[in-house]
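Visitor: Same order as they appear, the protein sequences are chains G and V.
Residue numbers for the first sequence follow this note's numbering, so the first one is 1 and each next one is one higher.
Residue numbers for the second sequence follow this note's numbering, so the first one is 1 and each next one is one higher.
Do not take every clue at face value.
[Claimed, not checked] Pair ranges (Cβ atoms, derived): (1) 83/G with 56/V: 23 to 33 Å; (2) 63/G with 84/V: 25 to 35 Å; (3) 1/G with 71/V: 19 to 29 Å; (4) 106/G with 103/V: 17 to 27 Å; (5) 83/G with 3/V: 43 to 53 Å; (6) 102/V with 56/G: 18 to 28 Å; (7) 72/V with 42/G: 31 to 41 Å; (8) 10/G with 74/V: 35 to 45 Å; (9) 1/V with 18/G: 16 to 26 Å.
[Unchecked claim] Pulled a few chain G residues facing chain V out of the computed Cβ check, cut under 10 Å: (10) 32; (11) 42; (12) 45; (13) 49; (14) 50; (15) 55; (16) 80; (17) 83; (18) 89; (19) 90; (20) 92; (21) 93; (22) 95; (23) 97; (24) 98; (25) 99.
[Unchecked claim] Below, simulated PhoX-like cross-link-like pairs (lysine-lysine); rule was C-alpha separation at most 25 Å, straight line: (26) 39/G with 65/V; (27) 50/G with 103/G; (28) 103/G with 43/V; (29) 53/G with 103/G; (30) 103/G with 45/G; (31) 43/V with 45/G; (32) 58/V with 50/G; (33) 103/G with 42/G; (34) 39/G with 43/V; (35) 39/G with 50/G.
These aren't lab readings, by the way, just hints derived from the structure by calculation.
All C-beta atoms, glycine included, are put in the ideal place defined by N, C-alpha and C.
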Amino acid sequence: EIQMTQSPSTLSASVGDRVTITCRASQSISSWLAWYQQKPGKAPKLLIYKASKLESGVPSRFSGSQSGTEFTLTINSLHPDDFATFYCQHYNSYPLTFGGGTKVEI
Amino acid sequence: QMQLVESGGGVVQPGKSLRLSCTASGFSFNNFVVHWLRQAPGKGLEWVAVMSYDGDSKFYGDSVKGRFSVSRETSNNTLFLQMNSLTTEDTAVYFCAKSGGVGPNFFDTWGQGTLVTVSS
């Protein structure tokens, strides 16, 4: 099973800040990584797939990048609507696994 | 518009069984793959199960293997999750989610979830 280690677990930020969340895979997953945003009581929403491809309709302030087995989600100029929990997920093979989540709070 | 709706959640005693349903609209199970995932209260996301595009293969997470089984009714565009020998650790919101493609994949459409509470 591929382990996904996500950091930090909690992040305090302000509107307008640039935020970076990191996810490290325990082995090579090529670029088979997705990022999701989840708000309380709601289903997750896909933001990024294949490490850096922006899902249709997702604002361009969200971006994804990769360096080997380390993946990064960046939010440029944090909006009030962006305060939520973010998860990474690999889809290199079964079982699919998620990072532990990063809560972005004010 | 693609939509998924889960149903069948509720309160069940430890050791009992429950069957969840996931009904799709706006797309056909003949053309897409749908997974089951779950999220325990206050915890992260966990992938649970999937049936392959052709229905010939089924894959399960380690924590549910041997107890849960996935099936589908393509005529009704419905996916099922049969959950047996439930324990308190199975308490979670269960989501179904549409895969972005065949094989291991990301999830581009999610249902709203159905809560399963295992308690005596």
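Visitor: All the hints need checking, so say for each whether the structure fits it.
Guide: Tested hints:
1. 83/G with 56/V: 23 to 33 Å: Violated: the Cβ-Cβ distance is about 43 Å, outside 23 to 33 Å.
2. 63/G with 84/V: 25 to 35 Å: Violated, since residue 63/G and residue 84/V (Cβ atoms, about 43 Å apart) do not stay within the stated range.
3. 1/G with 71/V: 19 to 29 Å: Hint holds: Cβ distance 25 Å, inside 19 to 29 Å.
4. 106/G with 103/V: 17 to 27 Å: Since the Cβ atoms of residue 106/G and residue 103/V sit about 39 Å apart, the hinted range of 17 to 27 Å is violated.
5. 83/G with 3/V: 43 to 53 Å: violated (26 Å)
6. 102/V with 56/G: 18 to 28 Å: holds (20 Å)
7. 72/V with 42/G: 31 to 41 Å: Violated, since residue 72/V and residue 42/G (Cβ atoms, about 26 Å apart) do not stay within the stated range.
8. 10/G with 74/V: 35 to 45 Å: Roughly 43 Å apart at Cβ, these two residues keep to the hinted range, so it holds.
9. 1/V with 18/G: 16 to 26 Å: Given range 16 to 26 Å: violated, Cβ gap about 34 Å.
10. 32: With a minimum Cβ separation of about 7 Å from chain V (threshold 10 Å), the hint on residue 32/G holds.
11. 42: holds (8 Å)
12. 45: holds (8 Å)
13. 49: Interface hint status for residue 49/G: holds (5 Å vs cutoff 10 Å).
14. 50: Constraint on residue 50/G satisfied, holds at 8 Å.
15. 55: holds (7 Å)
16. 80: violated (23 Å)
17. 83: violated (17 Å)
18. 89: Cβ of residue 89/G sits 7 Å from chain V, so the hint holds.
19. 90: holds (8 Å)
20. 92: holds (6 Å)
21. 93: holds (6 Å)
22. 95: holds (5 Å)
23. 97: Holds, about 7 Å.
24. 98: holds (4 Å)
25. 99: It holds, given that the least Cβ distance between residue 99/G and chain V is near 8 Å, below 10 Å.
26. 39/G with 65/V: Distance of about 29 Å is beyond 25 Å: violated.
27. 50/G with 103/G: holds (22 Å)
28. 103/G with 43/V: holds (12 Å)
29. 53/G with 103/G: OK: residue 53/G and residue 103/G at ~22 Å, within 25 Å.
30. 103/G with 45/G: holds (15 Å)
31. 43/V with 45/G: holds (17 Å)
32. 58/V with 50/G: holds (24 Å)
33. 103/G with 42/G: holds (14 Å)
34. 39/G with 43/V: The given pair, whose Cα atoms are some 13 Å apart, holds under the 25 Å limit.
35. 39/G with 50/G: Measuring from Cα to Cα gives roughly 22 Å; hence the hint holds.
Hint check: violations occur at hints 1, 2, 4, 5, 7, 9, 16, 17, 26; the rest are consistent with the structure.
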